[in-house]
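FYI, UniProt numbering numbers position 142 of the sequence shown as 142, with every residue one higher than the one before it.
Derived by calculation from the structure, the hints in this document are not laboratory data.
Computed from a prediction, not measured in an experiment: that's the story for all the values here.
Please note that the accuracy of each hint is not assured.
What the hints assert, rightly or not - In silico DSS-like cross-links for lysine-lysine, where the CA-CA straight-line distance does not exceed 25 Å:
| hint | residue 1 | residue 2 |
| --- | --- | --- |
| 1 | 102 | 48 |
| 2 | 60 | 29 |
| 3 | 102 | 29 |
| 4 | 60 | 48 |
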Amino acid sequence: MKEDVLSTPGHLISLAARGFARLSEARLKPLGFGVGQLPVLVALGEGKASTQRDLARFAKVEQPPMAQMLSRMERDGLISRTPDPADGRSSRVELTAAAREKMPEAITTLFQGNREALDGFSDEEAAQFVQFLQRVIDNLDRIAGTETGPQHP
Numbered sequence: 001m002k003e004d005v006l007s008t009p010g011h012l013i014s015l016a017a018r019g020f021a022r023l024s025e026a027r028l029k030p031l032g033f034g035v036g037q038l039p040v041l042v043a044l045g046e047g048k049a050s051t052q053r054d055l056a057r058f059a060k061v062e063q064p065p066m067a068q069m070l071s072r073m074e075r076d077g078l079i080s081r082t083p084d085p086a087d088g089r090s091s092r093v094e095l096t097a098a099a100r101e102k103m104p105e106a107i108t109t110l111f112q113g114n115r116e117a118l119d120g121f122s123d124e125e126a127a128q129f130v131q132f133l134q135r136v137i138d139n140l141d142r143i144a145g146t147e148t149g150p151q152h153p
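Please construct the entire structure, taking both the sequences and the accompanying hints into account.
Following this line, the structure appears as structure tokens:
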């Protein structure tokens, strides 16, 4: 039997990710947020990161794209930057009051979209699906780490 490349987990996950991104982008745009900003907003809102370097690490992106995103977010009034007293070369990044005020609605909007996307799934199926996706992500991170890590002869 011939394998169907369009039915592989990688392709289907990619389609689902693009669908989630389109839905989230459409629903977050009226609030002034972009879906790509979510890891930064969450990290800042929950106190998990406060520097560009830590935000890039948290969001799993390189420094240059993070710098560009932070510049746009600052321009749009979502974040503010202040010099880091511990490191003069670095800045502390914080959510503005306006961003903090809109965050609860944004989170509610995202959870609603996820519930709608999982319509027809039982709570147990939805939880299992999330566990499966996390295992796939962990496997991919491990594979990427071994393929980009030091090469031994």
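Evaluation of the provided hints:
The suggested pairing of residue 102 with residue 48 holds, with an alpha-carbon distance near 19 Å, which does not exceed 25 Å. For the given pair, residue 60 sits about 23 Å from residue 29 by alpha-carbon distance, which is consistent with the 25 Å threshold. Taking the CA atoms of residue 102 and residue 29, the gap is near 12 Å; set against the 25 Å cutoff, the hint holds. Taking the CA atoms of residue 60 and residue 48, the gap is near 14 Å; set against the 25 Å cutoff, the hint holds.
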